[in-house]
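Protein chains: 2
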Amino acid sequence: MPIFHANQLINTGTKIFSAAGAPLEEARLVSELLVKSNLVGHDSHGIIRVIQYVGEIEKGFIKPGARIQVIKENSSTAILNGDWNFGQVVAKRSMELAIEKAKKNAIGIVCAFNCNHIGRLADYAIMASENNMIGIVVANSTKFVAPFGGKERVLSTGPICFAFPSNLEFPFVIDVATSVVAEGKVRVALHKGEKIPYGWIIDKDGNPSDNPKDLYDGGALLPLGGDEHGHKGFGLGLAVEVLSGILTGAGCAYEEDKRGNGVFFEVIDVEKFMSIEEFKKKVSDLIKVIKNSKLRPGFKEILIPGELEYLTERKRLKEGIYVPEKTWEEIKSLAKKLGIDEIP
Amino acid sequence: MPIFHANQLINTGTKIFSAAGAPLEEARLVSELLVKSNLVGHDSHGIIRVIQYVGEIEKGFIKPGARIQVIKENSSTAILNGDWNFGQVVAKRSMELAIEKAKKNAIGIVCAFNCNHIGRLADYAIMASENNMIGIVVANSTKFVAPFGGKERVLSTGPICFAFPSNLEFPFVIDVATSVVAEGKVRVALHKGEKIPYGWIIDKDGNPSDNPKDLYDGGALLPLGGDEHGHKGFGLGLAVEVLSGILTGAGCAYEEDKRGNGVFFEVIDVEKFMSIEEFKKKVSDLIKVIKNSKLRPGFKEILIPGELEYLTERKRLKEGIYVPEKTWEEIKSLAKKLGIDEIP
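The listed protein sequences correspond, in order, to chains A and B. Residues 1 to 344 (the working numbering) are what the first sequence spells out, left to right. Residues 1 to 344 (the working numbering) are what the second sequence spells out, left to right.
Keep in mind that the hints were calculated from the coordinates and are not lab data. Hints are supplied without guarantee of correctness; some may be wrong.
Identical copies carry no separate label here, and so any pair may be met within one copy or between two of them.
Distance condition first, Cα-Cα at most 27 Å in a straight line; then the derived BS3-like pairs of lysine-lysine [unchecked claim]: (1) K291 / K318; (2) K280 / K258; (3) K72 / K103; (4) K258 / K282; (5) K185 / K332; (6) K332 / K59; (7) K280 / K195; (8) K326 / K300; (9) K300 / K337; (10) K72 / K104; (11) K300 / K63; (12) K281 / K204; (13) K291 / K92; (14) K294 / K336.
Please read all numbers here as calculations on a predicted model, not as lab measurements.
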């Protein structure tokens with residue numbers, strides 16, 4: 001059972017991406033963010049993606065080193081053409097620009113298109129909160145989610161992410177899909193040969209299903225709220241689609257040639273509203289009140305958004321990251337193909 | 001069964017608020033927005049509130065004519081002290097200012113505190129979309145919602161609202177509570193003596209309940225997503241709380257002296273990103289694709305956010321607004337008390 005230190009995985013990823021043609025800085029950034037996903041417990045967005053990304057470089061979908069261009073800009077806003085560089089590279093640049101604009105003008109909004117998969121939205125929103133600002137990120141991708149009342153896929157899982165500065169031990173960050181579950185959860189059940197609860201997906205005829213395979217046989221994810229309250233997730237998903245698919249120019253999930261992420265980044269400078277110390281104290285007080293409030297029967301703890309990821313990261317930094325045998329064999333053979341011998 | 005034209009109700013409201021001490025312009029604005037709620041089918045936010053608002057004027061909670069002050073401002077942001085004028089008056093002023101700032105600087109964010117109940121968020125977000133801009137409104141109020149895993153009320157129902165310009169016949173506006181349902185829905189069931197579905201509320205001990213009375217006996221609403229996915233509604237509700245309760249200075253739902261709404265208004269000028277014609281066309285295309293996509297068994301139509309309200313308004317403008325006998329009697333006796341004789 002291969003277990004690795006984070007740095008071993010980062011170095012492996014960096015070597016592989018470099019060998020596949022990426023500039024060192026990009027190869028390292030992407031590897032760091034992938035391994036960060038492993039550390040916080042989101043393995044589906046972790047080192048396993050190295051295999052996919054190298055495949056996409058070979059197909060010409062990911063263009064390492066591609067020049068990101070600002071195609072429209074004013075003091076508070078910008079639109080970035082990512083020219084299909086790694087999504088992580090485009091997203092980091094976008095968030096840096098949004099932070100810069102917010103520092104000067106209270107608010108910054110940066111939209112990115114021609115942008116590959118960016119990974120976890122939280123990584124970028126946290127860049128803002130670490131700068132004492134509020135970070136908001138929404139993104140679309142390919143279609144997976146049916147509208148409330150419909151059976152065809154028309155929207156992506158449309159995640160919404162907020163990060164807020166605080167005095168808490170962990171980064172206070174909310175990162176939720178507007179579908180009942182992210183697609184990855186269904187895929188995990190499929191790979192494990194397990195059933196899923198009713199209410200996650202419908203099959204190709206629009207009927208409820210507990211078989212994860214039905215999602216990939218023409219079915220669809222349901223919007224957050226499910227059969228009874230799915231109009232809410234549908235509405236929020238639509239808002240994400242307009243902001244990240246239309247305002248960015250990246251294109252909507254329903255479009256046949258859609259790929260990658262359209263991403264909307266917003267940063268708000270807290271200091272333009274109140275002192276950052278006051279803001280952080282009030283956020284921390286709110287969280288403490290909630291954290292210490294009484295539990296429902298059957299629950300052991302009230303988890304604050306961002307908390308579980310933080311606890312997992314602490315654990316995995318110490319104990320290492322487990323990579324499934326099959327995944328590691330694929331990574332090793334990919335490395336070998338690229339002429340790299342000295343990976344762990 | 002009293003049925004009225006919208007104008008009759010607006011005039012009645014205007015007379016009552018005027019007699020209760022409100023300047024004519026404020027009396028008319030509040031009445032128009034209340035009756036607008038009746039027109040679009042949200043009777044819980046409609047003319048019935050005249051009774052509550054006059055009570056709050058008498059208690060000194062609502063201060064008609066109070067001077068709204070900008071206490072902090074820069075080119076893109078402002079904080080407004082509503083001085084406890086009608087929430088509608090404060091909200092309209094806030095949104096006007098946010099639109100003005102967005103026209104000049106691409107984005108405007110205005111936060112309001114000391115603000116009474118503002119009614120439907122959609123009314124203000126639509127002010128932006130009617131100006132070819134994106135309108136975003138989030139608000140907090142008193143506590144009603146338990147955190148995921150908890151049984152105590154700590155958050156308000158924290159609605160999120162987006163309005164987008166389009167070429168559609170109806171205003172495309174998303175306005176959803178981050179709780180499973182709005183509190184009003186439980187109250188309606190209570191008044192009708194009906195049970196509610198499991199999954200909406202918990203009782204004071206944190207157990208699932210189908211009895212609406214349990215909400216008012218120390219129970220709580222559940223966050224959107226319910227027992228299985230409630231961490232999502234909880235997360236979104238937390239984001240609303242921070243933006244509208246903390247950044248505004250209005251105070252958090254959990255605070256014992258909390259009343260009224262804290263409100264966060266954001267406006268984004270589409271023209272800073274792309275031509276408004278292109279944006280509207282793309283939004284309209286998205287909606288048409290969804291509207292025409294295939295239905296699930298058991299559904300007759302895919303309703304787009306804002307559509308049902310529009311259809312209801314068309315119907316009620318023609319057929320009139322039904323006001324329950326008991327409500328109308330209360331309004332009549334209130335009018336009489338205030339020395340108004342000539343209401344319908």
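Consistency of the hints with the structure:
1. K291 / K318: Cα proximity of K291 and K318: one copy only (26 Å, versus 51 Å across).
2. K280 / K258: Answer is between; shortest inter-copy Cα gap is 20 Å, intra-copy 40 Å.
3. K72 / K103: Both. Shortest intra-copy (19 Å) and inter-copy (17 Å) distances satisfy the 27 Å Cα cut-off.
4. K258 / K282: between (42 Å within a copy, 15 Å between copies)
5. K185 / K332: within (26 Å within a copy, 57 Å between copies)
6. K332 / K59: Classified as within; 20 Å inside a copy, 74 Å across copies.
7. K280 / K195: For K280 and K195, neither the intra-copy (43 Å) nor the inter-copy (42 Å) Cα distance is at most 27 Å.
8. K326 / K300: neither (35 Å within a copy, 47 Å between copies)
9. K300 / K337: neither (48 Å within a copy, 55 Å between copies)
10. K72 / K104: both (18 Å within a copy, 17 Å between copies)
11. K300 / K63: Cα proximity of K300 and K63: none, with 47 Å in one copy and 45 Å across.
12. K281 / K204: For K281 and K204, neither the intra-copy (50 Å) nor the inter-copy (30 Å) Cα distance is at most 27 Å.
13. K291 / K92: neither (32 Å within a copy, 36 Å between copies)
14. K294 / K336: neither (54 Å within a copy, 48 Å between copies)
In this structure, the hints that do not hold are numbers 7, 8, 9, 11, 12, 13 and 14, in rising order.
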